[in-house]
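Please take these sequences and the hints and turn them into a complete structure.
Going down the list, the sequences are from chains A and B.
Letter 76 of the first sequence, counting from 1, is numbered 125 in this note's numbering, and no numbers are missing.
Letter 38 of the second sequence, counting from 1, is numbered 40 in this note's numbering, and no numbers are missing.
Any given hint might turn out to be false.
Unchecked claim - Which residues of chain A face chain B? A partial, calculated answer using Cβ under 10 angstroms:
id, residue
1, Met50
2, Leu54
3, Val64
4, Glu80
Unchecked claim - Here are the simulated distance ranges between beta carbons:
id, chain 1, residue 1, chain 2, residue 2, range
5, B, Ile364, A, Gly87, 50 to 58 angstroms
6, B, Glu166, A, Lys115, 48 to 56 angstroms
7, B, Glu38, A, Leu131, 47 to 55 angstroms
8, B, Glu217, A, Thr111, 36 to 44 angstroms
9, B, Ile364, A, Lys51, 47 to 55 angstroms
10, B, Arg203, A, Asp97, 47 to 55 angstroms
Derived by calculation from the structure, the hints in this document are not laboratory data.
Since we're looking at a predicted model, the values are computed, not measured.
Using N, Cα and C, we set each Cβ at its ideal position, and we do this for glycine too.
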Amino acid sequence: MKPELTATPRLAPGVRLNEKSQLPRTLLMPERALRLNGPSLEIVQLCDGHHTVQQIAEKLHTLYSKAEPQRITDDLLGYLALLHDQRAIDF
Amino acid sequence: MPTTLPTPLALVAELTHRCPLHCVYCSNPLELAKRESELPTQTWVRVFQEAAKAGVLQVDFTGGEPLARTDIVELVHAARLAGLYVSLITSGLPLDEAKLAALVEAGLDHFQLSFQGATEQTAREISNSTSHPQKLRVLEWLKKHRIGVTLNFVIHRQNIQELEEMLLLVDEHRPGCVEFASVQYYGWALANRQALLPTRRQLEFCVAKLKEAEERLKGKTRVVFVVPDYYAKFPKPCVGGWGRKLMLVSPDGAVLPCHAAGVIPGIHFENVRDKSLQEIWESSPAFQKFRGEDWMQEPCKSCDRRHQDFGGCRCQAMALTGDPAATDPVCSLAPTRTKVDAILASINEPKPAILEEKPAYIYRPNPA
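So this is what it looks like as structure tokens:
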């Protein structure tokens with residue numbers, strides 16, 4: 050299920066990042082772990098219940114200015130839907 | 003041919019074999035560790051630090067019943083401080099609201115609550131204890147905290163008929179995850195296998211119902227269903243491969259590649275009292291024994307699937323064939339698959355008297 054652009058995703062209960070000092074940065078969940086790098090880490094760090102999907106997309110557009118904005122937004126929506134289905138985020 | 007040593011990812015901290023329940027499906031070894039042999043708090047604290055340093059991400063506190071340890075809050079705190087994601091795998095007793103709050107405060111990430119049935123009567127029959135009402139209380143207390151919650155329904159022939167009632171509990175409490183874990187046949191479960199193995203028809207009912215539930219709960223509750231190994235066509239990649247991802251520290255400090263490895267004769271398990279966890283992971287003979295592929299027999303040795311299932315389960319091969327290096331008999335390509343088929347036949351065809359019999363359970367005792 051893809052989020053609305055106005056949604057404010059946040060990590061689901063029992064889901065958190067490992068400590069900043071622990072590399073690689075990893076998203077920790079019951080019985081599973083997801084290695085995060087580059088865009089996936091940027092996205093997860095902004096899933097704080099405050100940033101809207103639109104704001105996360107805009108941040109990514111700035112960071113990855115060489116890529117086509119619509120493509121970035123589409124990929125973002127897809128990734129957030131995946132995380133939601135895996136119960137890693139709520140929105 | 004040298005192989006890169008894998009980084010351990012998960013630590014199973016089997017804190018004690020003491021338990022207020024006596025479940026007939028318990029996967030603990032038949033020889034339970036005595037209370038006086040249990041590791042002291044400070045040794046566990048060191049183990050958590052060593053685990054995190056070695057690359058471990060997650061620790062599962064289990065047993066027996068981890069809440070039976072009076073230092074459980076301290077242990078949770080120490081594991082979290084060490085940089086581990088902390089899960090508690092528990093029956094939910096002994097526990098009160100204050101202790102649950104203390105566990106959460108100490109840094110508990112995830113609470114996995116077991117269910118022996120959907121009703122008090124079934125739970126009592128399976129666990130020989132009055133524990134079900136307490137679990138329902140725990141479900142209410144958990145709502146006050148923002149941690150991961152998994153309900154783990156252990157299913158088998160004697161409680162599959164309660165599946166819909168179990169799903170009602172899920173609908174009512176909306177945990178992050180629900181696991182319907184079919185009993186696997188190790189330890190006490192193996193001793194009680196004839197009473198527990200489901201029929202093919204029961205399994206089909208289960209698969210259909212849970213597929214439906216998974217769809218209905220998508221985006222709300224993650225549904226996990228583990229089929230009994232014997233009914234699978236190919237074996238599970240047991241613990242992600244021997245000595246590849248997981249290590250288990252027993253109540254007395256022995257380090258094992260999995261909870262059942264004690265059934266394999268001729269292995270000496272090293273102890274955290276004597277050596278560091280990292281040293282044991284890297285070079286103990288127990289961990290080296292089934293790493294890589296040199297130990298494999300045919301058909302595993304030349305089978306493409308060896309890269310995904312690592313030949314299946316060593317302990318299951320031992321239990322069913324007497325040879326821990328054999329292809330897991332669960333595999334449809336195993337020459338010993340006929341043994342598993344015979345066991346299934348004893349439950350499925352023709353309608354055997356065993357299904358009508360009241361089970362003669364062997365209840366798991368509490369260690370001295």
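* Against the structure shown, which of the earlier numbered hints fail to hold, in ascending order? -> Number 2 only.
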